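Novice: Residue numbers (UniProt numbering), protein chains in the order written: chain H, 1 to 406; chain S, 1 to 406.
The set of hints was computed from the structure by calculation and includes no laboratory data.
The structure displayed is predicted, hence computed values, not measured ones.
Treat the hints with caution; some may be incorrect.
The calculated lysine-lysine pairs, modelled on BS3-like cross-linking and capped at a C-alpha distance of 27 Å, are [as the list claims (entries may be wrong)]:
no.	chain 1	residue 1	chain 2	residue 2
1	H	K291	H	K83
2	H	K331	S	K387
3	H	K292	S	K83
Examples of chain S residues lying across from chain H (beta carbon under 8 Å, computed) [stated by the list, open to error]:
no.	residue
4	N114
5	N122
6	H125
7	L136
8	L163
9	M170
10	C194
11	W385
12	A390
13	T392
14	L393
15	H395
Here are some of the chain H residues that sit facing chain S, going by a computed Cβ distance under 8 Å [to be verified]:
no.	residue
16	M1
17	S84
18	E88
19	Y115
20	L136
21	I167
22	T305
23	H306
24	E335
25	N336
26	L338
27	V340
28	K341
29	D343
30	Q344
31	W385
Virtual Cβ for every residue (Gly too), placed ideally from N, Cα, C.
Number of protein chains: 2
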Amino acid sequence: MKIAVLGGDGFVGWPTSLHLSEQGHEIHILDNLSRRWIDTELGVQSLTPMDSIQERTRIWHQETGRRIHFHLIDLARDYEVLKSWLAENRPDAIVHFAEQRAAPYSMKSDRHKNYTVNNNVNATHNLLNAMVEIGLDAHLVHLGTMGVYGYSTVGAEIPEGYLPVGIETMSGETVSQEILYPSNPGSIYHMTKCLDQQLFQFYAKNDGVRITDLHQGIVWGTHTEQTRRHDQLVNRFDYDGDYGTVLNRFLIQAAIGYPLTVHGVGGQTRAFIHIQDSVRCIELALNNAPKKGDRVKIFNQMTETHRVRDLAELVARIAGGTVAYLPNPRKEAAENDLVVKNDQFRALGLNAITLEAGLLSEVMDVAKKYAYRVDRSRIPAVSAWTKDIAPTLEHDPEGRRLKSVS
Amino acid sequence: MKIAVLGGDGFVGWPTSLHLSEQGHEIHILDNLSRRWIDTELGVQSLTPMDSIQERTRIWHQETGRRIHFHLIDLARDYEVLKSWLAENRPDAIVHFAEQRAAPYSMKSDRHKNYTVNNNVNATHNLLNAMVEIGLDAHLVHLGTMGVYGYSTVGAEIPEGYLPVGIETMSGETVSQEILYPSNPGSIYHMTKCLDQQLFQFYAKNDGVRITDLHQGIVWGTHTEQTRRHDQLVNRFDYDGDYGTVLNRFLIQAAIGYPLTVHGVGGQTRAFIHIQDSVRCIELALNNAPKKGDRVKIFNQMTETHRVRDLAELVARIAGGTVAYLPNPRKEAAENDLVVKNDQFRALGLNAITLEAGLLSEVMDVAKKYAYRVDRSRIPAVSAWTKDIAPTLEHDPEGRRLKSVS
Ligand SMILES: NC(=O)c1ccc[n+]([C@@H]2O[C@H](COP(=O)([O-])OP(=O)(O)OC[C@H]3O[C@@H](n4cnc5c(N)ncnc54)[C@H](O)[C@@H]3O)[C@@H](O)[C@H]2O)c1
Ligand SMILES: NC(=O)c1ccc[n+]([C@@H]2O[C@H](COP(=O)([O-])OP(=O)(O)OC[C@H]3O[C@@H](n4cnc5c(N)ncnc54)[C@H](O)[C@@H]3O)[C@@H](O)[C@H]2O)c1
């Protein structure tokens with residue numbers, strides 16, 4: 001297949017591109033490199049030394065003889081360029097990672113809220129709009145998030161996108177219907193993924209666009225089979241307070257002897273998936289496309305759930321270190337349960353890599369190898385969800401006074 | 001109260017501004033006049049000769065001694081200007097009409113789809129974002145649409161925004177919960193109102209913004225008590241295929257001896273409200289603000305429902321004329337039922353002006369008075385919902401060949 005990977009320079013997009021290239025697909029990465037610019041804005045960098053996308057694709061070619069093509073396109077701002085590109089290249093499938101994906105970054109300031117809404121809504125809408133305009137019947141696979149469910153379940157299992165409910169009619173009987181799971185996003189970033197869902201529902205219904213939406217858990221790990229093949233194919237590893245995600249942050253914190261930072265009492269239960277499984281799931285989704293006229297296909301792309309404080313204690317036990325309980329920058333419930341269905345990927349043969357699989361130590365090894373690159377001052381989470389919360393975040397776990405960076 | 005009326009130069013915004021000014025409120029209209037520009041783009045004009053907003057507010061002052069202030073601001077593009085204006089003026093309440101509101105215009109071309117999504121999402125998000133940023137605890141009253149419900153009800157009454165459903169838990173019992181009514185929009189325009197709803201839910205929950213969302217039916221009529229007072233206070237009257245709405249279109253069609261244009265079999269049931277009731281409802285909503293921390297308050301702002309073909313036959317009977325059944329440019333069910341709750345406004349004392357109230361003939365009088373201004377070639381609806389539908393719309397009911405205007 002000819003596959004366009006939008007956002008293919010990112011943490012999940014890059015190993016996905018390598019994986020699909022290795023399977024023999026013709027891969028075109030479309031990316032505006034905004035994520036690299038945000039590193040510059042925040043004055044942070046990937047723990048792993050990341051080469052330019054041009055250099056990385058050159059190394060991939062040198063190692064494997066395969067070409068990955070790169071196109072510098074801003075999906076949100078360059079509608080006409082995107083449309084022409086799609087019209088000329090007519091990919092069979094499109095994998096869409098190209099969004100601003102950090103909840104803390106999306107809450108940093110009014111400017112960051114606007115940026116996230118604009119970038120994400122326009123990237124997704126421009127893509128759908130262009131596909132319909134040029135009559136491109138490609139399979140669109142989008143990376144959504146478990147966060148659209150909003151971690152609130154009244155004791156029900158989280159289904160894969162659609163929830164069966166009973167509705168009382170005027171004649172007094174109860175009819176059952178499947179509805180898109182009511183969303184309850186916890187940040188501006190998560191909210192944009194809920195907006196995406198509405199866009200998908202509309203374009204699938206009105207125009208028959210074939211869409212798979214992957215509600216993904218928090219991705220951990222760094223290597224996949226392909227990124228391991230050469231130092232310069234290494235994947236991005238974010239550890240800072242905005243882009244670093246919880247498990248990878250614990251691992252780097254343990255590696256450098258920094259307290260493991262738990263926000264609030266750590267009662268949040270979250271869904272996780274290893275990066276290697278994430279790219280496999282995308283492959284499975286690509287091989288199981290919906291038919292024209294089908295409703296949006298939704299998969300929960302996660303393999304296990306954990307309570308944050310349990311994770312912190314697990315890492316502290318394995319790798320050493322202390323756990324620091326800090327004020328929570330987020331506005332969220334202190335404790336939540338989370339039981340998630342992922343039957344569809346399991347039925348398609350996903351054999352999950354779980355935390356017990358020993359890969360924790362591989363990530364620790366990467367963390368230790370590059371520990372000299374860590375800027376400790378960028379570890380604390382400083383983006384507050386509301387103006388009331390901001391003043392509570394003034395000290396970091398090492399007792400230094402923080403300044404707002406927004 | 002000091003009230004900002006966003007989109008106060010429009011069809012509903014202008015009479016609302018007059019009505020609230022007459023009640024003694026200090027009114028500030030913020031509008032970018034985009035609607036007048038769209039008239040220019042489409043080469044159409046209001047049936048009624050409309051003065052500039054500056055001239056209309058001058059006449060209002062001359063007639064009543066009251067001032068309505070006008071500020072040329074684009075909510076979607078000028079975030080910083082909007083924020084400064086709000087910070088300096090700190091209104092007690094904000095009525096938000098400022099969106100691209102025609103479903104056919106939103107489906108005209110890829111450019112119009114993008115414009116509608118950008119304009120509407122950014123106008124609403126910029127406003128919420130700015131309110132939070134400057135800590136403005138104003139009551140926000142937004143004009144939404146009955147179209148968010150998507151005219152699909154499985155035989156249940158349409159509640160006011162929130163639907164009680166039963167959800168089965170893991171232990172097998174059914175718990176009941178109230179959820180935001182699952183949306184099912186019929187056009188890009190309607191979809192933007194569903195996106196607005198998600199924005200409102202988030203900002204009410206995260207930041208305690210006090211929001212009332214009015215799910216309005218199709219507004220008919222033209223005069224209110226205030227617009228009647230002077231020829232130059234006359235309201236806008238759209239009759240063209242994009243902005244003209246169904247009942248007002250039938251009335252002008254009858255007035256000029258044009259066939260009454262029903263799309264499909266006319267089995268669509270729609271909700272209606274007279275413009276005078278619409279401005280009264282907004283007043284009632286303003287006087288019944290939610291408290292900080294309340295969920296978004298949702299009212300159904302409509303007074304009666306009718307099937308489109310019944311309406312056409314009613315107008316044909318009263319005013320003479322023939323009914324023409326044309327191909328439907330929209331992708332929608334041929335027939336639908338619609339039973340809508342509006343208990344909240346009725347409890348607040350709304351005494352509805354229904355179609356029987358004799359006002360139909362007042363609108364006919366306006367239509368006849370300005371019939372000489374009608375451009376018959378702009379009456380047909382030419383914006384198709386999909387590329388497949390477009391070729392079916394090639395002839396107008398008078399048998400002329402149409403060209404696409406997009
Ligand atoms: N990382 C996770 O734990 C996780 C979890 C759930 C869902 N997801 C989703 O998966 C996707 C990829 O996540 P990631 O961690 O790889 O993020 P990332 O930030 O590393 O990668 C996103 C890529 O998209 C690009 N991009 C952003 N906006 C663009 C635009 N307008 N035009 C072109 N390119 C643009 C960026 O430059 C970047 O290379 C995201 O949509 C994210 O929401 C990620
Ligand atoms: N007219 C109806 O039948 C009807 C029915 C249901 C809901 N509504 C809703 O009521 C509201 C008002 O409808 P209307 O019929 O008066 O529409 P309208 O088009 O006559 O008025 C909208 C006004 O908003 C202004 N505007 C649009 N975008 C703006 C922006 N970015 N910045 C500043 N101003 C902007 C326009 O210039 C215009 O004056 C709309 O939100 C519409 O969706 C209308």
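Novice: Determine for every hint whether it applies to the structure shown.
Specialist: Verification of the supplied hints:
1. Between the alpha carbons of K291 (chain H) and K83 (chain H) the distance comes to roughly 23 Å, so the proposed pair stays at or under 27 Å and holds.
2. Among the hinted pairs, K331 (chain H) with K387 (chain S) is inconsistent with the structure: their alpha-carbon atoms are about 45 Å apart, more than 27 Å.
3. Pair hint K292 (chain H) plus K83 (chain S) does not hold up; C-alpha atoms about 45 Å apart against a cutoff of 27 Å.
4. Taking 8 Å as the C-beta contact cut-off toward chain H, the hint placing N114 (chain S) at the interface holds, the least distance being around 6 Å.
5. Satisfaction of the interface hint for N122 (chain S) is found here, the shortest Cβ-Cβ separation to chain H being roughly 7 Å, below the 8 Å cut-off.
6. At its closest, the beta carbon of H125 (chain S) sits 5 Å from a beta carbon of chain H; the interface hint therefore holds under the 8 Å criterion.
7. A cut of 8 Å between beta carbons decides the hint on L136 (chain S): the least distance to chain H is about 12 Å, and the hint is violated.
8. Annotation: interface hint on L163 (chain S) holds; nearest CB of chain H at approximately 7 Å, less than 8 Å.
9. Interface hint at M170 (chain S): satisfied, since its Cβ lies 6 Å from the closest Cβ of chain H, which is below the 8 Å cut-off.
10. Of the supplied interface hints, the one on C194 (chain S) holds, with its beta-carbon coming within about 5 Å of a beta-carbon of chain H, less than 8 Å.
11. Against a cut-off of 8 Å between C-beta atoms, the interface hint on W385 (chain S) holds, since the closest Cβ of chain H lies about 6 Å away.
12. The restraint placing A390 (chain S) at the interface with chain H is violated, with a minimum CB-CB distance near 12 Å, outside the 8 Å limit.
13. Checking T392 (chain S) against chain H by beta carbon gives a least distance of about 16 Å; that is not within 8 Å, so the hint is violated.
14. Contact between L393 (chain S) and chain H, as hinted, is not supported at the beta carbon level, the nearest pair being about 16 Å apart and thus beyond 8 Å.
15. At its closest, the beta carbon of H395 (chain S) sits 24 Å from a beta carbon of chain H; the interface hint therefore is violated under the 8 Å criterion.
16. Proximity of M1 (chain H) to chain S is violated relative to the hint, the smallest CB-CB distance being about 25 Å (cut-off 8 Å).
17. A hinted interface residue such as S84 (chain H) counts as satisfied when its beta carbon comes closer than 8 Å to some beta carbon of chain S; here the least separation is about 12 Å, so the hint is violated.
18. Taking 8 Å as the C-beta cut-off, the interface hint given for E88 (chain H) is violated, the closest approach to chain S being about 17 Å.
19. Of the supplied interface hints, the one on Y115 (chain H) is violated, with its beta-carbon coming no nearer than about 11 Å to a beta-carbon of chain S, more than 8 Å.
20. A least Cβ separation of about 12 Å between L136 (chain H) and chain S goes past the 8 Å threshold, and the interface hint is therefore violated.
21. Hint on I167 (chain H) holds. Least Cβ distance to chain S is approximately 5 Å, under the 8 Å limit.
22. Residue-level restraint check for T305 (chain H) is violated (minimum Cβ-Cβ distance to chain S is 14 Å; threshold 8 Å).
23. The closest approach between the C-beta of H306 (chain H) and any C-beta of chain S is roughly 19 Å, which is over the 8 Å cut-off, so the hint fails.
24. Interface hint at E335 (chain H): violated, since its Cβ lies 17 Å from the closest Cβ of chain S, which is beyond the 8 Å cut-off.
25. This hint is violated: N336 (chain H) has a C-beta 15 Å from the nearest C-beta of chain S, more than the 8 Å allowed.
26. Annotation: L338 (chain H) was flagged as interfacial toward chain S, and the flag is violated, the nearest CB pair being 12 Å apart, outside 8 Å.
27. At about 12 Å, the closest approach between the beta carbon of V340 (chain H) and any beta carbon in chain S exceeds 8 Å, and the interface hint on this residue is violated.
28. For the restraint placing K341 (chain H) at the interface with chain S, the shortest Cβ-Cβ distance is roughly 11 Å, beyond the 8 Å limit, so the hint is violated.
29. Checking D343 (chain H) against chain S by beta carbon gives a least distance of about 15 Å; that is not within 8 Å, so the hint is violated.
30. For Q344 (chain H), the suggested interface contact is broken, since its CB lies about 19 Å from the closest CB of chain S, more than 8 Å.
31. Hint status for W385 (chain H): holds, given a least beta-carbon distance of 6 Å to chain S, under 8 Å.
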